[in-house]
Amino acid sequence: MKKYVYLVLVILLAASCVPYIKPKPKLLNSKTNHFDANNNARVILISNVKVNADTLKSLLVVPNDDYYVEMGKNLNYFNEVMTYNQLHDKILELGDTLDLRLSMPDKLKLNKAAKLFKPFVLMKEPIHQLDEKYAWASGFSVYDPLRGETIFQNKIFTKNAIQLNNKKILLPLYNNFLDYLRKQK
Amino acid sequence: MDKLFIICGLLLFFSCGFYYQNGTNLDPKTNRFKAPDNGVRVLTEISVDADTLKSLLIVPYESAKEIAKNLDYFDEVMTDDQFEDAIIKAGFADEIGSIRNRNGLHRAAILFRPFVLFEHVYTQTGSKEGFRLYDPNREKIIFENEKNIGLFSPSNQARLFPLYNSLLDYLRKQH
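As you go down the protein sequences, you meet chains C and D in turn. When we follow my numbering, the leftmost residue of the first sequence carries the number 1, and every step to the right adds one. When we follow my numbering, the leftmost residue of the second sequence carries the number 1001, and every step to the right adds one.
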């Protein structure tokens, strides 16, 4: 009896960890110059703003996870990629403070940080949530604190709330983001 | 055992019953939200210039924006972070610094444009709630009301309608 209980507990624990296991970062396919993904056509572009490419490439700031750092670098677009924590430390080094742990960070302080350090764009953590029509979706949102606007936003329906899967969800979002980046001049 | 079942059933019924969302628009007949007026106490009200008052209302979150717009009073309604974007776009980010503190809010009202802040306030015990309008130019609360939160108060927007009506009365009094 006890053995079964332990087995069930272990399975439940494993199942609860599944949503938090990030997929492995992938490289661009040298032939297609995109990431290998299944659902590229399913990505919906919500907003895109024309920006100056030189300023855009300066620095990408991503959520605190190796996956986002590696993928940011694998885009082969940005001069530099940093996590929220690294940016926080850098700003502290330069004599100011910046708290990116808040779900709604102080945008005026982000603007100040971009002027103090260097221009950057901020990628928000792609989260699963119900959209305005109660469908599960995820997507990227990239904010430019110097312009004071979200310069890029896309979306893909995820059909369930369980895992941010690479091929079906994240890589198509990245491909769509890549197309936007390459269009800027 | 049966009594417990009945009590649980009643409680469930009441909690589900209040989930029905009333519209969030003014009732065209009364020009107010559909709600009884009893129970609202006005704690503070200061006379202000209506033109400055209506200029811009800042609300803390997106869902408050819809009802604020339905008050049909303010020229513009924004959330905190939309306001921050507007400040950056207008080039006032450096001078204002941050609107997450009283001094920053005061600077924004003077340098950028007049506005009032809307707050939904709860007491520490959780037994009362109310609305507050803060004027960052005068650095004062210009309006504050409250009402008790009863045991069977609905958990949707309709619970707030009496508070909104009280706010509407104040806004319409200004000239």
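In case anyone wonders, no lab produced these hints; they're calculated from the structure. Keep in mind that the hints are not guaranteed to be accurate.
Claimed, not checked - Sample of chain C residues lacking proximity to chain D, with all beta carbon distances greater than 10 Å (derived):
1) ILE11
2) LEU108
3) LEU146
4) ASN165
As the list claims (entries may be wrong) - Okay, the calculated beta carbon distance ranges per label pair:
5) D:GLN1124 <-> C:ASN76: 30 to 40 Å
6) D:SER1127 <-> C:LEU28: 28 to 38 Å
7) D:SER1055 <-> C:LYS124: 43 to 53 Å
Stated by the list, open to error - Subject to a maximum C-alpha distance of 30 Å in a straight line, what follows is the list of computed BS3-like cross-link-like pairs (lysine-lysine):
8) C:LYS159 <-> C:LYS57
9) D:LYS1089 <-> C:LYS124
10) D:LYS1034 <-> C:LYS183
11) C:LYS90 <-> D:LYS1069
Glycine is no exception: its CB is placed at the ideal position from the N, C-alpha and C atoms.
Checked hints:
1. ILE11: Given that every Cβ of chain D is farther than 10 Å from that of ILE11 (chain C), nearest at about 33 Å, it holds.
2. LEU108: 5 Å, violated
3. LEU146: 8 Å, violated
4. ASN165: At about 29 Å from chain D, ASN165 (chain C) clears the 10 Å cut-off, so the statement holds.
5. D:GLN1124 <-> C:ASN76: 30 to 40 Å: 54 Å, violated
6. D:SER1127 <-> C:LEU28: 28 to 38 Å: Since the Cβ atoms of SER1127 (chain D) and LEU28 (chain C) sit about 59 Å apart, the hinted range of 28 to 38 Å is violated.
7. D:SER1055 <-> C:LYS124: 43 to 53 Å: Violated - the Cβ-Cβ distance for SER1055 (chain D) and LYS124 (chain C), about 31 Å, lies outside 43 to 53 Å.
8. C:LYS159 <-> C:LYS57: At roughly 33 Å apart (the allowed maximum being 30 Å), LYS57 (chain C) and LYS159 (chain C) break the hint.
9. D:LYS1089 <-> C:LYS124: 21 Å, holds
10. D:LYS1034 <-> C:LYS183: 52 Å, violated
11. C:LYS90 <-> D:LYS1069: 41 Å, violated
Checked against the numbered hints given earlier, the structure breaks hints 2, 3, 5, 6, 7, 8, 10, 11 and satisfies all the rest.
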